[in-house]
Amino acid sequence: RCSLQTVEDCGLVHTATTMVQSVNVKALTTLASVIRRPYLASPHVFVPTVSDVNYQALRDHCGVKAVIFDKDNTLTAPYENDLHPRARVGLQSALDVFGRENVAILSNSAGTDDDPGFVDGKEIEEALGIAVIKHSEKKPGGLDETINHFPNVSDPSQLCMVGDRLLTDVVFGNLHGMLTVHILPLCSGKENRRDNKVAKVVRIIENKIMYGSWWGGRKIRQLTLPHKSWRGEDECPLIISDRSDTTIHNDELGDIQ
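So in the working numbering, the last spot in the sequence shown is 257, and the numbers never skip.
Some hints could be false.
Below 27 angstroms or equal to it, Euclidean Cα-Cα: the simulated DSSO-like pairs (lysine-lysine) are [said to hold, decoys possible]:
| id | residue 1 | residue 2 |
| --- | --- | --- |
| 1 | K219 | K134 |
| 2 | K219 | K190 |
| 3 | K122 | K197 |
| 4 | K134 | K122 |
| 5 | K65 | K134 |
| 6 | K134 | K200 |
| 7 | K200 | K228 |
| 8 | K197 | K134 |
| 9 | K122 | K200 |
| 10 | K190 | K200 |
| 11 | K208 | K197 |
| 12 | K219 | K208 |
| 13 | K65 | K200 |
Pairwise CB distance ranges, derived in the manner of DEER restraints [what the hints assert, rightly or not]:
| id | residue 1 | residue 2 | range |
| --- | --- | --- | --- |
| 14 | E101 | S136 | 21 to 29 angstroms |
| 15 | K228 | S136 | 22 to 30 angstroms |
| 16 | N148 | I239 | 13 to 21 angstroms |
| 17 | D144 | L225 | 27 to 35 angstroms |
These are calculated hints, taken from the structure and not from any lab test. Nothing here was measured: the structure is a model prediction, and the numbers come from that model. By construction, the Cβ of each residue, glycine as well, lies at the ideal position given by its N, Cα and C atoms.
Between the sequences and the hints, there should be enough to build the whole structure, so can you do that?
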């Protein structure tokens, strides 16, 4: 069996079976709340990738006991099961700090009712070596199954949600008091060819509203909900990016074709 470090050397290729995603009813019903309170979509931390997070500080200074990752464009390319090279360091760091039993994937495809027999979930668990949480309601739903997955977690504030989508990953975390980390999508261009076209367009709109150079985005970010234990980047740095400027630029936001 290959470790995270040697899976590429072993020549293993894990390609997910393309599944048809059903309508995310929970996201649609939550949209009205987000329109009234757009700060629900404002993350506590933005980093380029999962490898730019200080997981040691998350555990030692933020009261976080477990980390939840989205999958597509967070750990892997869309609908593929190989760990993306840019996510390798981050996932290994999370495993080293929290332990394998306290790191899991919460996807809006694998592990849901769109994944009959948990076929895709099992393939992902085999490929990445971490659990996929089974849940009937898609993000921003699925809290009960998530809490129940981690025996040592008694309060949602002890969870950190990491993902590339504001309206699903970040809203899910913020609705329940988790610490939320938003990343840019891992893939672009040809590497992103299998991405869900609707999700791709919505993601671009989300990011431009939140991070674009306009007063509304700045106001929303100023109203970001506080976390129970984390007192902000100045007091407890969670970003370990090598980039001196972590501002999202227009070329990183993408263009709607």
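Check: Quick check: which numbered hints come out false for this structure?
Finding: 1, 2, 7, 13, 16, 17
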